[in-house]
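Trainee: From first to last, the protein sequence lines stand for chains A and B.
All residue numbers for the first sequence refer to numbering that gives the first Met the number 0, where the first residue is 0 and numbers rise by one.
All residue numbers for the second sequence refer to numbering that gives the first Met the number 0, where the first residue is 0 and numbers rise by one.
None of the hints are false.
One copy or two, either will do: identical chains are not told apart, so a pair holds if it fits within one copy or between any two.
Below are the SDA-like pairs computed for lysine to any residue, each with C-alpha atoms no more than 25 Å apart in a straight line: (1) Lys88 <-> Ala51; (2) Lys356 <-> Thr335; (3) Lys311 <-> Asn245; (4) Lys139 <-> Glu77; (5) Lys52 <-> Leu83; (6) Lys420 <-> Glu448.
Source of the hints: derived by calculation from the structure; they are not laboratory data.
This structure is a prediction, so every number in the text was calculated from the model and none was measured.
Number of protein chains: 2
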Amino acid sequence: MKKDDTNIDFPLGVGGSSTIAAISTAPGIGGIAVIRISGIDALKNSNAIFKAKNSAINLLNQFANTISYGSIINADNEPIDDVLVSVFKTPHSFTGEDIVEISCHGSVFIQQEILHLLLANGCKLAQPGEFTQRAFLNGKMDLSQAEAVADLIASTSSSSHRMAISQMRGGFSSELQSLRTQLLNFVSLVELELDFTEEDVEFANRSQLMTLAFNIEKVISTLSDTFRVGNALKNGIPVALVGETNVGKSTLLNVLLNEEKAIVSEIHGTTRDTIEDSINIQGIQFRFIDTAGIRDTKDKIESMGIERTYQKIEQASIVLWILDCTQLSEHMEWLTEKISKRSVGKKIILVFNKIDKIAEEEREVLNQLFETFEGERIYISAREKINTDGLQNALVRAAQIPEIQPGDVVVNNIRHFEALKLAHSSICRVIDGLESGITGDFLSQDIRECMHYLGEITGSISNDEILGNIFGKFCIGK
Amino acid sequence: MKKDDTNIDFPLGVGGSSTIAAISTAPGIGGIAVIRISGIDALKNSNAIFKAKNSAINLLNQFANTISYGSIINADNEPIDDVLVSVFKTPHSFTGEDIVEISCHGSVFIQQEILHLLLANGCKLAQPGEFTQRAFLNGKMDLSQAEAVADLIASTSSSSHRMAISQMRGGFSSELQSLRTQLLNFVSLVELELDFTEEDVEFANRSQLMTLAFNIEKVISTLSDTFRVGNALKNGIPVALVGETNVGKSTLLNVLLNEEKAIVSEIHGTTRDTIEDSINIQGIQFRFIDTAGIRDTKDKIESMGIERTYQKIEQASIVLWILDCTQLSEHMEWLTEKISKRSVGKKIILVFNKIDKIAEEEREVLNQLFETFEGERIYISAREKINTDGLQNALVRAAQIPEIQPGDVVVNNIRHFEALKLAHSSICRVIDGLESGITGDFLSQDIRECMHYLGEITGSISNDEILGNIFGKFCIGK
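If we strip away everything but chain A, and leave its shape as in the complex, we get (with noise of 0.2 Å):
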């Protein structure tokens, strides 16, 4: 059991003798692309297919942090492109190894071949998040930081990408690594009582211990508490568009879709596919539940297919059920149970669609019709654009998220809050055990338990499974 009381400490240049190469620019056709090139051969792999501008330079010769201008060359001399190439040394680099990268033209064909010379000079094809891997097995960050990489990539708004700056640069690790640190001397006092039981000496301070785990126990109640919001910002919140057909659900959803692409497309060409359902209304991200398919006649409403849709609303946790204010469903009170059952627990947003076609007094007698019913009422036209920002401020406030201030501590992956749950049971155990006066070799397991969730979140504690598992749902090339 003594085998994870310390950080394990890798050497540098983990990667033993392999040296890895990928493209780590986005795949497709752009201005330029970057090939990534890391390992204890990447300035002698690079320098085989380079030959500079300047035919007095030479890669391996070349100062770290520097740029030389040249053609990347195949084994027949014959020039590939021309393209800058970027010097990174160990250990000062982002995986802690020699580090090249070759920025070239963007043409898909011009990527691949100077991959393929790469490859034929001596590099292995990275694996997917392995130049992060890396650098968490050379110690450059620890795991949880390592993760953030991957969700810094993947933030789509201002919420997830202030949560992952902060993980990345430290977020929880630090105060985790620190705690995890006092728990371990306390341990090692608490072990070395179980040499001397004869005597019945005490080493470990209990009611310094029991401060600490009081400590421990708050940090990892604060922490699993900020998985809600954390996890809600990370993947989106899941909304679920409910309404008849004609009430102008997909022409709401368009023009709140249009708002914000007509932003991104302004910057830059996102392509469709990313955003189709998912909206980021003042820095949340919503995703949009597609619960088409409510007929407004009874016999198809009762339709296994319609069931289906009510289903859906359970996997929301918003929902916004859109109305025509001309038009309201002969089915209403079936149709208003129907949902209201669906929805206990969540947020109901009555979306009443198409104010701008009647009269103030019949907005009246719309809202004496739904007095009794629960949750926020708010009067639009889609097609108008009448009210829309009413609708987003409605959502917004309906998720319920504080805002995330920079440099803000939260939990958002899902492999972190098991962890903090468990290393909360452990530390509850010892809370108890220190009150009921529990022998030093129980206090002693619980301790080490609650060590070991600590050191699985900062990966001091980490196989090759969990590793796996995280690198894998990295891109290639970071």
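Once you've looked at the hints, dock chain B against the given chain A.
Mentor: Same frame as chain A, now just chain B:
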């Protein structure tokens, strides 16, 4: 008319006070992304949002061709990303201006945030191709080299890549430039004679001029002749797949596409879109024209829709006519006539598919049936992948494309081709004029016309419209 008799020298930093910025890597999520800034304030504007890890570092005092590590921060001092910043200084940069490249994590959100910050700090969003346009205007490359940058980025095969890189590195530019300068010397002498018309002097040696004109005619002819090959290689060779339904057309296309895609996806997640209907065989790009729709009943064949299919044959250089060995059409004679009529001047390859389903002697019968048919015959099974490489070889033979060697000069740009044709007419008039002894003023006019068209290719002669056309086709960020 004397305005265009020298190369226009643009001053360095022609962008004037404007500094441009754009995301230069392919759109979307990647491991890393690069944002490029060029112009007089590139360092100042970048430095305003950059905080180096080493607080002693400031981009304004960094040496050229060095890389600094630090963070991008927004106006509230909030960190947006940890980045590497490369500094290049005028005149030794791609554009000839100061350039900063920010290498950030490849999140779309981060890319946009950094670009927003740069725009807020005085940068302008770069237009498509504006970096390369500045390189041209600052005399870092001539116009045909600038155009080759776009070709290089779009290159998808070794042939199109070789043509582009040869052109980007000078290609025929310097030769045309030198011929143009020699013409300029002559025309100056000829025009000098005009000032002495009373005295009947001849400053320009007519026989030397004749030699030069013959030489120019030869160079232009040789270049023009390469256009058929260059254009085919650049845009792909159009191949029409013709055949009745169920002869195995789409199976065949899939087999051909899959063989390539397997290679491609081994290296990179290339999207299906880019290669959907194109096949790169032995370095030559073939572009398939879909002609689905020939049905095996005479009535339907005669329908309007089918007529359109035959019209598509006319766009092709090569016609792949696929037949089902086991079931020849009842309307074979009629079909043969139709297809042959549309294929005049094209290469037709008869592809007998499902060859595994018939006996050797049946193949003989088939052969006799098509005895009078000109063009190659290939026997394959698309499903069993029998002799598909034989078909590939037949396609390459039919393309009649000589292999492009590294450094070969090939014209593949329709703008260059048109200018060469016009320059050719002019130089032929010069030759005729010299032979018939026309007066100096007419001679001068033809020489200047030839110079004009040669100058259009290299960009010595250009105007906003030409530049707009050329650089408008670039991607943003290059």
